[in-house]
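As a plain string of letters, each chain reads:
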Amino acid sequence: MRFAILVNEGPYQHEAADSAYHFAAAALAQGHEVSRVFFYMDGVHNANRLQEPQQDDRNIVRRWSELAEAHGTDLVVCVAAALRRGVKDEILGAGFRISGLGQLVEVGIQADRLVTFGD
Amino acid sequence: MRFAILVNEGPYQHEAADSAYHFAAAALAQGHEVSRVFFYMDGVHNANRLQEPQQDDRNIVRRWSELAEAHGTDLVVCVAAALRRGVKDEILGAGFRISGLGQLVEVGIQADRLVTFGD
Amino acid sequence: MSDEANWEDAGAVKRFMFVNRKAPHGTIYALEALEVVLISAAFDQDVSLAFLDDGVHQLRQGQDAKALGMKNFAPTFRALDDYDIDKLYVEAESLAQRGLSAEELIVPVQVVDRERMSALMAEQDVVMSF
Amino acid sequence: MSDEANWEDAGAVKRFMFVNRKAPHGTIYALEALEVVLISAAFDQDVSLAFLDDGVHQLRQGQDAKALGMKNFAPTFRALDDYDIDKLYVEAESLAQRGLSAEELIVPVQVVDRERMSALMAEQDVVMSF
Amino acid sequence: MLHTVNKSPLQTRDLDSCLEHLAGERLLLIEDGVYAAVAAGEASAKLRGPAAEGRVYALGPDLEARGIGHDALADGVEVVDYAGFVQLVAEHGPHQAWL
Amino acid sequence: MLHTVNKSPLQTRDLDSCLEHLAGERLLLIEDGVYAAVAAGEASAKLRGPAAEGRVYALGPDLEARGIGHDALADGVEVVDYAGFVQLVAEHGPHQAWL
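Protein chains in written order, with our numbering: chain A, 1 to 119; chain B, 120 to 238; chain C, 239 to 368; chain D, 369 to 498; chain E, 499 to 597; chain F, 598 to 696.
Everything labelled a hint here was simulated from the structure, so no lab data went into it.
Bear in mind that the values here come from a model prediction, so they are computed numbers and not experimental data.
Quick reminder that beta carbons are idealized off the backbone N, C-alpha and C, glycines included.
Certain hints may be false.
As the list claims (entries may be wrong) - What follows is a set of in silico ranges between Cβ atoms, one per label pair, in the way DEER data are often shown:
(1) R645(F) - E589(E): 48 to 54 Å
(2) H568(E) - D678(F): 49 to 55 Å
(3) R316(C) - A642(F): 28 to 34 Å
(4) S218(B) - G673(F): 34 to 40 Å
(5) A649(F) - A470(D): 50 to 56 Å
(6) A649(F) - Q149(B): 35 to 41 Å
(7) E589(E) - G337(C): 28 to 34 Å
(8) Q149(B) - H667(F): 33 to 39 Å
Stated by the list, open to error - Below, simulated SDA-like cross-link-like pairs (lysine to any residue); rule was C-alpha separation at most 20 Å, straight line:
(9) K643(F) - L468(D)
(10) K544(E) - E483(D)
(11) K643(F) - R352(C)
(12) K439(D) - G664(F)
(13) K309(C) - N178(B)
(14) K252(C) - A334(C)
(15) K434(D) - G673(F)
(16) K207(B) - L50(A)
(17) K434(D) - G664(F)
(18) K207(B) - D112(A)
(19) K88(A) - G150(B)
(20) K382(D) - L448(D)
(21) K309(C) - D176(B)
(22) K304(C) - Q229(B)
(23) K434(D) - A80(A)
(24) K434(D) - A680(F)
(25) K439(D) - V198(B)
(26) K439(D) - S99(A)
(27) K643(F) - A680(F)
(28) K252(C) - G300(C)
(29) K434(D) - R58(A)
(30) K643(F) - Q465(D)
(31) K309(C) - D57(A)
(32) K544(E) - A334(C)
(33) K304(C) - K544(E)
(34) K643(F) - A464(D)
(35) K382(D) - Q229(B)
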C-alpha cells in the first residue's frame with residue numbers, strides 16, 4: 001500500500017515529528033511504500049541540518065535523511081512555510097527538497113492513505 | 120519598572136511570539152525597561168535571520184532586532200534549545216546572542232516582573 | 239503545472255475533506271488549512287470544508303488583525319466560490335455553544351447537525367485535519 | 369559563574385515557583401521546566417515546584433521512553449534533593465482525577481489541596497509556568 | 499498576581515483550572531482566551547463572579563482580530579490594550595501564565 | 598476510517614469531540630492521548646461503549662513512555678505497536694487526526 005505523511009510540527013517541541021517518523025519506519029518495515037513526507041507549518045524545521053541534539057538524544061533531521069536514503073522517500077518542505085521561518089536551501093538536510101503545497105494535494109490524490117501528525 | 124520576558128514558542132506558528140513582542144513594545148513605550156527577552160524551547164526560532172515572510176506579513180526576527188537596536192534590550196537565545204533545533208550563530212539575527220539558561224534565572228531575580236508567553 | 243499533469247494522467251477524483259477545528263490567529267493552523275484548500279482547487283477534486291468546534295470562529299465576520307500585524311485571511315473564504323468550492327459544512331452544535339448563528343458568518347454555509355457531520359466525514363477518501 | 373556573581377551582588381533572594389501543568393513527552397515543556405529548575409539551584413533562591421492538572425503525570429513511576437528514542441527525564445526528579453530543592457507540591461484534586469496516589473510517584477511530595485495550592489502561588493515573587 | 503489565559507475555553511481546560519485557583523486575583527484573557535468573554539458563548543458564565551468584582555480583563559487587539567465587538571462581551575469584562583496589559587502586570591505583581 | 602487523538606483527555610476537548618463523531622468507526626489513542634485509556638482515570642468511562650465493541654486502541658510505545666502498564670488499562674482497550682498503527686490505517690481506511 002502507498003502511504004503519504006503530513007507533518008505539521010517541528011522537531012523536539014512536540015512528539016508529532018517523532019510519531020510521524022516511527023509510523024513511516026514501521027510502514028516501510030512492513031513492505032509498504034512511503035512515497036512522500038510533506039513538512040508543513042512548523043514541520044519545516046524538521047529539515048534544518050544544523051540540528052545538534054545532545055549525545056543521548058535522537059537526531060531528528062538525520063533520521064529523516066537516512067530514511068530517505070534507504071527507501072527513496074520524497075521529503076518535501078513547503079516553500080511558503082519554510083521561507084517565512086528561515087528554512088532555506090543553505091541549511092537543508094540531505095534528502096529534503098523545497099517545493100509547493102501542490103505536492104501535498106498531489107500525494108493526497110496518489111497515495112492510498114494520507115496520515116497526519118500535528119498539534 | 121524593569122521587565123523580563125520569556126518566549127517559549129517560535130514565530131508564525133503560535134501567537135505567543137507576537138504577544139511577547141507587543142507586550143515588550145508597549146512596556147518600552149511607557150518608559151519601562153525591558154532588560155532581557157529570553158528565547159527558550161521553540162522560542163529560539165524567533166532568532167533565525169533567514170526568515171522571509173511574505174510582503175504583507177510581519178517580519179518577526181527583524182522586529183526583535185529593531186527593538187534591541189532602539190532600546191538596548193538583551194535578546195538571549197537558550198544555547199541547548201538552539202543547538203538541538205539548529206539555530207546557530209551563522210543564522211542568528213542582529214541583536215541576538217546565544218547563552219545559557221542561567222540568564223533566564225538571573226533575570227528572573229533581577230527584574231521586577233517576569234512575563235511568560237507560550238502555548 | 240506539472241502536478242496537475244500527473245494526477246490527470248491517473249484520472250483519479252477523490253473526495254477531499256478539510257476539517258477545521260481550531261480558532262484563527264492563536265495558531266497558524268486555520269490560515270494554512272485555507273492555503274491548502276485554495277491549492278486543491280487546481281486539482282479538480284471533490285472538495286469540502288467542515289467547520290466544527292472552535293473552527294467555526296474562523297468564519298466570524300469583522301475579524302481585523304491589523305493591530306497585531308497579522309493577516310486578515312477570513313475574507314479569502316469569500317473567494318472559494320470563484321474556485322467552485324461551495325461545500326462548506328458548519329456544525330450546528332458548535333455554533334450554538336459559541337453563541338453564533340449562520341447569519342453572522344462571513345460566507346453562506348450549510349449548517350448540519352453532528353450526526354450528519356459524522357456521516358459526511360465517513361464518506362471521504364482523504365481527510366486533512368487542521 | 370558570572371551569572372551568580374551578578375545576583376549575589378544584589379543580595380536578592382526571591383520565592384520562585386515552577387508551575388508544571390503539562391504531561392511529559394507529548395511536548396518538551398515538562399523536560400525543559402526541569403532544566404530551569406536544576407539551573408535555578410545554583411542561584412540559592414527559595415525554589416518550589418507545583419504539579420497540578422496533567423503536570424502530575426510527570427511524576428509517574430516506570431516511565432520508559434527508550435522505544436521512542438526520547439529521554440527518560442523522570443529519574444532526574446530524584447536528584448532535586450541533592451540540590452536542596454525539596455518543596456514539591458502536588459495537587460490532591462489533580463491526582464484524584466487521574467486515578468493516581470502519592471505513593472505511586474517517583475519522589476516524595478507534599479500533597480496539598482487546591483485552596484492551599486492557590487495560596488502557595490499567591491505567595492511567590494516569580495512564577496514560571498510550563 | 500496577574501493570571502493570563504491564552505486558550506479557547508471550549509478547547510482546553512486552562513480557563514477552568516485558572517478560575518479554580520484565581521482566589522481574589524485578577525485574570526486577563528489574551529489570544530484565543532478572549533473567546534471566553536463573549537456573552538453569548540457557553541463559557542462566559544464561568545467568569546461571572548470575578549467579572550462582577552471587576553477582576554476580569556480582555557485584550558482589545560485580540561478581540562478585534564477575532565471579530566468580537568465590545569458590545570458582545572459579558573458584563574463586567576474590561577477591555578485593555580497592550581499598555582493596559584503592562585499596567586496590570588506592573589500594579590498587580592507576578593505574572594502567571596496558564597499555558 | 599481510523600481516528601486518532603493525541604491530546605490528554607483532561608487537558609483538551611479533542612477526545613470528547615472525536616467520540617461525539619466516532620459513530621461506528623475505530624479510535625487509536627497516541628501521544629498524550631493514551632492517558633484516556635487509564636482505567637483509574639476519570640476519562641476512561643467515556644471510552645466504555647466503543648471499547649466494549651473492540652474499537653479502541655492505544656499505542657504501546659506511548660504507554661511505556663508514560664509509565665502506564667497494560668494492566669492499568671480500561672477494559673477492552675487493545676494495545677498496538679507502530680506496526681499495528683500502520684495496519685489499522687491500511688485496513689480501516691482514511692485517517693482522521695483530531696488535532
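Structure-based check of each hint:
In this structure, R645(F) and E589(E) meet the distance hint of 48 to 54 Å, their C-beta atoms being roughly 49 Å apart. Look at H568(E) against D678(F): about 53 Å separates their beta carbons, and that is inside 49 to 55 Å. At roughly 44 Å, the beta-carbon separation of R316(C) and A642(F) lies outside the given 28 to 34 Å, and the hint is violated. Hint check: S218(B) to G673(F), Cβ distance near 52 Å, so the stated range 34 to 40 Å is violated.
For A649(F) and A470(D), the Cβ-Cβ distance of about 32 Å falls outside the hinted range of 50 to 56 Å, so the restraint is violated. In this structure the supplied range 35 to 41 Å is violated for A649(F) paired with Q149(B), their Cβ-Cβ distance being about 60 Å. For E589(E) and G337(C), the hinted distance range of 28 to 34 Å is satisfied, since their beta carbons lie about 32 Å from each other. Judged by the Cβ atoms, the range 33 to 39 Å given for Q149(B) and H667(F) is violated: they are separated by roughly 57 Å.
Taking the CA atoms of K643(F) and L468(D), the gap is near 18 Å; set against the 20 Å cutoff, the hint holds. Simply put, K544(E) and E483(D) have alpha-carbon atoms about 18 Å apart, close enough for the 20 Å limit, and the pair holds. Straight-line distance between C-alpha atoms of K643(F) and R352(C) comes to about 18 Å, which keeps the hinted pair within the 20 Å bound. A hinted pair counts as satisfied when its Cα atoms are at most 20 Å apart, and K439(D) with G664(F) qualifies at roughly 13 Å.
Pair hint K309(C) plus N178(B) holds up; C-alpha atoms about 12 Å apart against a cutoff of 20 Å. Pair hint K252(C) plus A334(C) does not hold up; C-alpha atoms about 32 Å apart against a cutoff of 20 Å. Pair hint K434(D) plus G673(F) does not hold up; C-alpha atoms about 26 Å apart against a cutoff of 20 Å. As the CA atoms of K207(B) and L50(A) are separated by approximately 7 Å, the hinted pair is consistent with the 20 Å bound.
With a C-alpha separation of about 12 Å, the suggested pairing of K434(D) with G664(F) holds against the 20 Å cut-off. For the given pair, K207(B) sits about 39 Å from D112(A) by alpha-carbon distance, which is inconsistent with the 20 Å threshold. At most 20 Å may separate the alpha-carbon atoms for a hinted pair to count; K88(A) and G150(B) exceed this at roughly 38 Å. Our distance criterion of 20 Å between C-alpha atoms is met by K382(D) and L448(D), whose separation comes to about 18 Å.
Between the alpha carbons of K309(C) and D176(B) the distance comes to roughly 6 Å, so the proposed pair stays at or under 20 Å and holds. Only pairs whose Cα atoms come within 20 Å are accepted, and K304(C) paired with Q229(B) is rejected, the gap being roughly 35 Å. Between K434(D) and A80(A) the alpha-carbon distance is near 35 Å, which puts this suggested pair outside the 20 Å criterion. Only pairs whose Cα atoms come within 20 Å are accepted, and K434(D) paired with A680(F) is accepted, the gap being roughly 17 Å.
A C-alpha spacing of about 18 Å is found between K439(D) and V198(B), which places the hinted pair at or below 20 Å, so the restraint holds. Between the alpha carbons of K439(D) and S99(A) the distance comes to roughly 33 Å, so the proposed pair goes past 20 Å and is violated. Between K643(F) and A680(F) the CA atoms are separated by roughly 26 Å; this puts the pair beyond 20 Å, and the hint is violated. Of the supplied pair hints, the one linking K252(C) and G300(C) is violated, its CA atoms being roughly 34 Å apart against a limit of 20 Å.
Restraint check: the Cα-Cα separation between K434(D) and R58(A) comes to about 10 Å, which is no more than 20 Å; the hinted pair holds. About 14 Å separates the Cα atoms of K643(F) and Q465(D), which keeps this hinted pair within 20 Å; it holds. Taking the CA atoms of K309(C) and D57(A), the gap is about 37 Å. The hint is violated against a cut of 20 Å. Proposed proximity of K544(E) and A334(C) is supported: the alpha carbons are some 17 Å apart, at most 20 Å.
A distance of roughly 30 Å separates the Cα atoms of K304(C) and K544(E); the hinted pair therefore is violated under the 20 Å criterion. Our distance criterion of 20 Å between C-alpha atoms is met by K643(F) and A464(D), whose separation comes to about 17 Å. Between the alpha carbons of K382(D) and Q229(B) the distance comes to roughly 10 Å, so the proposed pair stays at or under 20 Å and holds.
Checked against the numbered hints above, the structure violates hints 3, 4, 5, 6, 8, 14, 15, 18, 19, 22, 23, 26, 27, 28, 31, 33; every other hint is satisfied.
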